[in-house]
Amino acid sequence: MGPADNALDRLGIKLPAAPKPVAAYVPAVRSHGGPVVFVSGQLPFKDGQLTCVGPVPTAVTVEQATEAAKLCAINAMAALRDVCQGDIDKIARILRIGVFVQSAEGFADQPKVANGASELFAAVFGENGKHARAAVGTNTLPLNATVEVEVVAEMRIPMKPGGLPI
Amino acid sequence: MGPADNALDRLGIKLPAAPKPVAAYVPAVRSHGGPVVFVSGQLPFKDGQLTCVGPVPTAVTVEQATEAAKLCAINAMAALRDVCQGDIDKIARILRIGVFVQSAEGFADQPKVANGASELFAAVFGENGKHARAAVGTNTLPLNATVEVEVVAEMRIPMKPGGLPI
Amino acid sequence: MGPADNALDRLGIKLPAAPKPVAAYVPAVRSHGGPVVFVSGQLPFKDGQLTCVGPVPTAVTVEQATEAAKLCAINAMAALRDVCQGDIDKIARILRIGVFVQSAEGFADQPKVANGASELFAAVFGENGKHARAAVGTNTLPLNATVEVEVVAEMRIPMKPGGLPI
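Residue numbers (our numbering), protein chains in the order written: chain A, 1 to 166; chain B, 1001 to 1166; chain C, 2001 to 2166.
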């Protein structure tokens, strides 16, 4: 087990099975010609149930939304692990996360909510978990979810001289 | 003609001329040092006319919005083809699409709308058209468009040992 | 001084100190295995003060919002310069910007607002400043900011045959 796997263990987080491909899009895609992985926008699903719906702060509290953002990050890591053939420690770096927070009029604490995802990535990947981030509010989200988190990460892939992965 | 060009033919889709550069930004940009192409957010324009405006489902139906998302994807492919000097089959993979859906309060079916774009990419590029996706709602969009779709794709570019395209 | 630094001088723009890392995310991240840099969503801060809050056009005018977008771009360049160890001319290309505009119902001129950022990048980097762009509306933004701008750019990095930066 590598350091990220150990950190998940220490944090008591068991990654779920990777999210299933839905129709024409997939949970995560790795570029052919490089180490970058794009993870689809993840919702706060747990055991097949959406755990947090409606806008902050009218339907759910900031604390609940922050927990939901953490759950989105867990689901994103499940997708990343799947792209890594089961070894999450093949992830070299979290590059960017996009966090969409369903927000009632006047709510301006999206960064606090997004920290639920950001802090988990830092806890699991250490310095390599520190990422660029865009956190924004939206009036609606798919399935009425409170939060959606998408991720761009980078794999540790030795590459051939031609620039293609070995 | 390659497989993607053939698929477009079979689907009866004729890509329009590439969208024109507008002021200080351009329809699509390829990185100098790699194969990644970024396509600007596309609106559902056809023959210079915006075909779908206002929020779902109050101003337009889910079906109309889905058709609009497909049209955005067609315009994105026109931009991609232009970056490929006219040969859309130089696209190796669709990596990520971002779909913004102008949504009335309580609308939560953004994924259905986004499928209009996702399914077209899968129909045209097959396995290589399957992408990561973030679909979200917004209260407003440029020119009051119902949908906006942006794309990150990857070209088939042989690269020199130094990592720069040949 | 390189051309971008000269352009900033000519435009009378003095880049501020790089934005400080906040908690678990950082102002900008460069990938290990390539030249791509992701800059976090920047708000219109000047001298530590948020200069533009509330939606367009009810709380602020399009002109004020456009100026705020320019300020976001200045802050993004400060983050980019920091990743470049102080030499902004190590930036080879602006690849993509995402512009989120806090918008009142019915506001549809997000592209005008986004031009505040786009035109500055073009003025500073010339042809290499022309980028792909997604400009969208949102009902809320962090700290009630009027605009948020995130950036993907590319550095001039000679790379080793293995694909890793020298």
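Since the hints were made in silico from the structure, they are not lab data.
Mixed in with the good hints, there may be bad ones.
A few chain C residues that don't get close to chain B, going by computed Cβ distances all over 10 Å [stated by the list, open to error]: (1) 2020; (2) 2051; (3) 2106; (4) 2152.
DMTMM-like, lysine to aspartate or glutamate: derived pairs with alpha carbons at most 20 Å apart [as the list claims (entries may be wrong)]: (5) 20/A x 1082/B; (6) 2020/C x 127/A; (7) 1130/B x 82/A; (8) 2130/C x 1082/B.
Note that the Cβ used here is the ideal one computed from N, Cα and C, for glycine as well.
A quick look at each hint next to the structure:
1. Separation of residue 2020/C from chain B is adequate, the least Cβ-Cβ distance of about 27 Å exceeding the 10 Å criterion.
2. The claim that residue 2051/C is not at the interface with chain B holds, since no C-beta of that chain comes within 10 Å of its own (minimum 22 Å).
3. Under the 10 Å C-beta cut-off, the non-interface status given to residue 2106/C relative to chain B is violated; the minimum distance is some 7 Å.
4. Non-interface call for residue 2152/C relative to chain B: violated, since the shortest CB-CB distance, roughly 7 Å, does not exceed 10 Å.
5. For a cut-off of 20 Å, the pair hint linking residue 20/A to residue 1082/B is broken: about 34 Å separates their Cα positions.
6. A hinted pair counts as satisfied when its Cα atoms are at most 20 Å apart, and residue 2020/C with residue 127/A qualifies at roughly 16 Å.
7. A threshold of 20 Å between alpha carbons decides the hint, and for residue 1130/B with residue 82/A the separation of about 16 Å falls inside it, so the pair holds.
8. Proximity of residue 2130/C to residue 1082/B is assessed by CA-CA distance (about 16 Å); at most 20 Å being required, the pair is judged to hold.
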